[in-house]
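Peer 1: Make the full structure from the sequences, and use the hints.
Number of protein chains: 2
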Amino acid sequence: GRLHNSEAFNYGVETWEAYKRGGLSKDLVEEQKKVQEADLLIFQFPLFWFNMPAILKGWMDRVLVQGFAYDLSKAYDAGLLQGKLSLFSFTTGGSQEMYSKEGIGGDIRYVLWPMQHGIMHFCGVKVLEPHICYAPENVSEQERKEMLTAWTQRLKTLWKEEPIDCSPEWYFK
Amino acid sequence: GRLHNSEAFNYGVETWEAYKRGGLSKDLVEEQKKVQEADLLIFQFPLFWFNMPAILKGWMDRVLVQGFAYDLSKAYDAGLLQGKLSLFSFTTGGSQEMYSKEGIGGDIRYVLWPMQHGIMHFCGVKVLEPHICYAPENVSEQERKEMLTAWTQRLKTLWKEEPIDCSPEWYFK
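As they're listed, the protein sequences go chains U and D.
At position 25 of the first sequence (counting the first as 1) the number is 25 in the numbering used here, and the numbers step up by one without a gap.
At position 14 of the second sequence (counting the first as 1) the number is 1014 in the numbering used here, and the numbers step up by one without a gap.
Don't read these hints as lab results, they were simulated from the structure.
Ideal Cβ placement from N, Cα and C applies to all residues, glycine included.
Some hints here could point you the wrong way.
Simulated restraints on C-beta separations [stated by the list, open to error]:
#1 L1155/D with T157/U: 52 to 62 Å
#2 T157/U with S1140/D: 52 to 62 Å
#3 E1141/D with Q44/U: 41 to 51 Å
#4 H4/U with A1078/D: 41 to 51 Å
#5 S95/U with Q1036/D: 25 to 35 Å
#6 Q1082/D with G23/U: 42 to 52 Å
Peer 2: Put into C-alpha cells, the structure is as follows:
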C-alpha cells in the first residue's frame, strides 16, 4: 500500500501504520494470527553466529511490529503479548565449555539475553527455561538419541513448568 | 549442485564442501571476493531486536562459510580473514540510558559481543571502536546533523585508528 510518510521513510513507523490500517502483507497477518492464538511459542533452530538463523530473525523483524507486539510504553511486563509463554530450543556448533563463563564463546547467557529478554520479554511474553543441545554433531549416536529423548520427555510436562525470572539478574549476576 | 551427504543433511558441512569444490552460488562467490579484496569491512545498519536486520544476518550466515572465513582450529586469532579490519556502525531505537549497564536493555556490550567477538574476531578480523548513534528518531534535527558530521569526521581518520582489544575483558569486566 501507500506509504504513511514517503518523504522520510521509517521502517518501524511504516509497519506500525500499516498494522493499524490493516495494510500488512498477507503472510505477516497470518503469522500474527498464529501468535495471537498460541499459548506457547517454541522457537527451535540451530544457533548461527550466536543468534538465530536469518530466516527466523526475519520472522521476528517482520512479525513483531509495533502496535501488535508492543507499543509506546507498552513493553516488557506491559508488552502486548502478555499471557503467553515462549521457549528457545536450539543446537550449537560449539561445545558447552566454549559457552561457559570462562569459555572463548562467552557465557551462553549472552546468547539468551537478546532473544529471551530483548525480544520475548520486551513483548510481554514470559520464557521457560531454554533447551540447549550442545554440539550434537560432535557427540556419539547414543548421546544424540538421549538428547532427543530428553526433549520428548520435557515436552510431556512442559505445561507444568514455571517461567524463569526474566530480570537482568538471571543473566548477569 | 549435488549434496555431499544426502543422507544426513548438514548445512555447515554442505557449504564447506561446496566452497572447496567451487560450488557455492554465484552471489556468494561475489560477496566472498569483495571480502577478500577489502582491508576494512564496515557494517552499517539499524539495530533490530538487539542484532542486525535479518538481511544482514543472512549475509553473515551465507557468506562466512567454513573454509573461507574459518576452519578447523583456524578461528579467533588464527581465523582465515586475518589482516582485515571491521567496524560496526549502527543506529538504535532505544536511548543510551536504556543500553547502559543498569539500563532495561542491558549493557550495549551484550549487543556488540556476538557481532564483534562472535563473528568478526572468530574469523580473525580485528575490530575498530563501534560507531553507535542512539535513537536518532528521538533527537533534534540539529543533533541528527551532528551525528552525521561526527561520522564524516571519523571516516577521514579511520586509517589511523588502532583496533580495540578483542578479549572478553573488553566486554565484561
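Peer 1: Taking the hints in turn, state whether each one holds.
Peer 2: Against the structure, the hints:
1. Between L1155/D and T157/U the Cβ separation comes to about 56 Å, which falls inside the hinted range of 52 to 62 Å.
2. Between T157/U and S1140/D the Cβ separation comes to about 54 Å, which falls inside the hinted range of 52 to 62 Å.
3. Roughly 45 Å separates the CB atoms of E1141/D and Q44/U, a value that falls within the hinted 41 to 51 Å.
4. For the hinted restraint 41 to 51 Å between H4/U and A1078/D, the CB-CB distance of approximately 50 Å keeps it satisfied.
5. The beta-carbon spacing between S95/U and Q1036/D, approximately 30 Å, falls within the hinted interval of 25 to 35 Å.
6. Between Q1082/D and G23/U the beta carbons are some 48 Å apart, a value that agrees with the proposed interval 42 to 52 Å.
Hint compliance for this structure: every hint is met.
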